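Number of protein chains: 2
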Amino acid sequence: MKEVREVAVIGVGMTKFGEHWEKGFRELVVEAGLKALVDAGIHGEQINAGYVGTMASGTLIGQEHIGALIADYMGLNPIPITRVEGACASGSLAFRQGIMAIASGMHDFVVVGGVEKMTDLGTTEVSTALGGAGDQEWELFLGVTFPGLYSLMACRHMYEFGTTEEMLASVAVKNHKHGSKNKYAQYQNEISMEDVLKSKMVADPLKILDCSPISDGAAAVVLAPLEVAESYTKKPIRILSTAQASDTIALHSRKTLTGLRSAQIASQEAYKKAKLTPKDIDFAEVHDCFTIAEIMAIEDLGFFKKGEGGIASLEGRTALGGEIPINTSGGLKACGHPVGATGVKQIVELSWQLRGEAEGRQVKDATIGLAHNVGGSGATTVINILKRE
Amino acid sequence: MKEVREVAVIGVGMTKFGEHWEKGFRELVVEAGLKALVDAGIHGEQINAGYVGTMASGTLIGQEHIGALIADYMGLNPIPITRVEGACASGSLAFRQGIMAIASGMHDFVVVGGVEKMTDLGTTEVSTALGGAGDQEWELFLGVTFPGLYSLMACRHMYEFGTTEEMLASVAVKNHKHGSKNKYAQYQNEISMEDVLKSKMVADPLKILDCSPISDGAAAVVLAPLEVAESYTKKPIRILSTAQASDTIALHSRKTLTGLRSAQIASQEAYKKAKLTPKDIDFAEVHDCFTIAEIMAIEDLGFFKKGEGGIASLEGRTALGGEIPINTSGGLKACGHPVGATGVKQIVELSWQLRGEAEGRQVKDATIGLAHNVGGSGATTVINILKRE
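From first to last, the protein sequence lines stand for chains P and D. Under the numbering used here, the letters of the first sequence match residues 1 to 389, in that order. Under the numbering used here, the letters of the second sequence match residues 1001 to 1389, in that order.
Since the hints were made in silico from the structure, they are not lab data. Please note that the accuracy of each hint is not assured.
[Unchecked claim] Computed list of lysine-lysine pairs in DSS-like fashion (alpha-carbon distance at most 30 Å, straight line):
no., chain 1, residue 1, chain 2, residue 2
1, D, K1200, D, K1234
2, D, K1016, D, K1306
3, P, K255, D, K1181
4, D, K1023, D, K1255
5, P, K23, D, K1255
6, D, K1183, D, K1023
These numbers were taken from a predicted model, which means no experiment stands behind them.
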C-alpha cells in the first residue's frame, strides 16, 4: 500500500459554545472558520477544499447542502466543500476526510469545520432529532431517548464493577472545574458532588448534571501537508494517526453494555498506526455525552482497566495535575455539545494544549494528545492522535 | 504534489428506482450494496471502508447516522462507513470520498452507496425537505420551491437564446424513450411531445412532465486500486478524473441564470486532469432534475455552445444513436431521482455502458463516459470521467 502523505494542523478557531440567540448557523460557522484561517496566517484563496461536520441541520434548522452554504458564506466559492455526517462524531469524520483529501494528493490546504445550531427548537424536537443518532425504528420510535440508552450502560457498569453514583458525579465535577478555566465553555461555573447527586433525575442513575447540554457552536481547523506546515506556523501539530470503527447501531444487538467495541477497535488501530501505547498519551479529550460515557472511554482507551474508570475518576487521577488529564476543555459536559462541532473542538483543544496555549488549564509538557469522539450510543467512534512537532 | 493512486470501479449494483412501498431505507441500500459486492466478486470481509450519499434522511425517515446504520445492516461491522451529504449531489460526493480513501493509501477496497427513501411522506413534506438543498432562509422560507428556481432559469434561457417549450419537452420525450429500455427505471413508458406540452403546469414554463419524480432507490459501487482491479474483474472501469466545484447557494446571488458556474468549473477541471476535451466523451449521464437542467448541462459541459442545447435536443443529437447520447439510463426524469442515489446510479450506468452490458440501450463503442451530478440549483456540481480499460 502506498504510504500516505503526512498532514498537520496549522490553524484552529472556535466560537464560544452556548446558547447563541443572537447568531445563526451561518454566523457561527463563518466565525470559527475565519478564526482558523487567521490563526493559520492563510488567505481564503489558498484553501483548496473544505469539509464540515454537522449532524441534524435538516431537522434543526431546515437546511441541508451545508457544504455549499458554507463555501458561499465563507467567501470560498468555487472551491468544493463537503458535509459529512455521523451523528455526534460528525466533526471527527469531517476531520478524517480533510486528512484523506491531503494524503491523497488531491488537495493541499483544507479547512475543516464542525457546527450545530440546536437552540432554535424546543427540547422535545431536539431530543427527537438527536434520536436519529440511534436506531430510530427499534429505539427512539419505541420511546428510548439517549439518556435512556446511556442509563442502561450505566446500570450495567454499576452492576458488574460496583461503579457508584458518586463516581459518575465526580466526572461532572471535574469537567466543570476544567470548564471554569476555559473562556469558550458553555458552563464556566464549578459544581459540587452534592449539586450533581441532588440534581433532577433524567434516566436513573443519570441526573441532569450527568448529562451534556444542548448547545450552539462551531469549531474549525486548517490542515496542510506536514512538509510545508512549518512555513505557516512555528507550532505545527502533526497528526500521528486517525482511525474509525463501527458497531451495531442499536444497543440491544451488542454483546456487552459496559464499553464501546467501536472505541476499543478504533483506539487499538490508532495506537498501532502511531506506534504508541496508552501510556504514551499525555492527555485526552473524550466523548463525555454522559458521565458514564467518560468512564467507559478511559477504560476503552486503555488508560485504566475495564471496571476501574469510576474509581480512577473519583480519585482525581483524570483531573488536571493527575496522571492523565481528561477533558481539559471541560468536555461535552461543561464546554458544551453542539453535536457536529464537538469532534473539531476536541482537535482545537488538543492543538492549544500541544502548542502550550491552554492558559489556566495547560497540561505540563503536553507532547501527545488523543481525541475520542463517539456517534450515537457507540455505533461510530473516531480516534485521532496528535503530536507537537 | 504527490501523485494520487489510481482507482477503478470493480463492481456495481442498484435497486429498481420507483415507489417501493414494500421496502424500507435499510432494505434498499442493502440490496444495492450486496449486488455490487456480488458483481465485484468480493466478500464483505475484504471491504475496508464505505461511504454513502443521502440527502435528507433526517427529515424524510427520522434517521441520521446513516453510515453506522449501513455498516450494521450490511453486516460490515466494525469497518468505518461515513455518510456524505451535498443535496442531490450526495451520491457523487460519496463516490469522490471513496476515491480519496483509496488514493490516500488509507484503504484498499471501498464500497460506495447512495440511497433515498422519499415516498414515506406526502408531497408537501418532501418538497419542504428538498427545499433544504437551496437557501432556506432566502428561498424556501419565502415561498420558492425547486421547480420555481428552475423555472427562473428556464425563462431566462428562453429569453436570451430563443429556447422553446418544445425544446424542453424533447428532453423528457428522449429520456422516457431511453428509460423504456432500462428495467431499473421508474418510468418505462414512452411519452410524446404532446403529452409533455399538455401536462399540468408546475412552474411556468415547466410542466409536470418536465420534472423528475419523487423516488425511492439505492445504488452502489465497489472501488479498488487500479493496479489490482484486473484480478477481480475482466472489465475494470478506470476513473480518469473527478472534480467538484461550488457556487452561491441562492440563485439571486449569481451573475447568470442560463448556466451553472459550478458545472463549468468542475468540468473544465475534470477535462484538464484527464487530458481530454468534450469531443473525447462518448456519452454522458447528466443531472436532468428538470428538462432545462439537461439543456444547460450539455452546454456547460462543452458538448454544445451556450444557447444551442435546446435545438440540439430537439434535433435528436443527444438521443441514443445521436452524436453524444445523454442519459441512456433515462436520466432523473425517467429512471427516477432518489436524490442521494442519483450520483451513484450515474456511475452504475456509465459502468454498464463501458462494459458493453447496457442491453437495449448500449452506446456503440462506448469508451469514455462522463457523469454530471448537481446539488440544489447548482451550488454543488461533481463531474466524474470514467474509461473502459
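Against the structure, the hints:
Distance check on the hinted pair: D:K1200 and D:K1234 sit about 48 Å apart at the alpha-carbon level, beyond 30 Å; violated. A C-alpha spacing of about 34 Å is found between D:K1016 and D:K1306, which places the hinted pair above 30 Å, so the restraint is violated. Restraint check for P:K255 and D:K1181: not satisfied, since their Cα atoms lie roughly 48 Å apart, outside the 30 Å limit. With a CA separation close to 43 Å, the supplied pair D:K1023 and D:K1255 exceeds the 30 Å bound.
With a C-alpha separation of about 28 Å, the suggested pairing of P:K23 with D:K1255 holds against the 30 Å cut-off. Proposed proximity of D:K1183 and D:K1023 is supported: the alpha carbons are some 18 Å apart, at most 30 Å.
Checked against the numbered hints listed earlier, the structure breaks hints 1, 2, 3 and 4; every other hint is satisfied.
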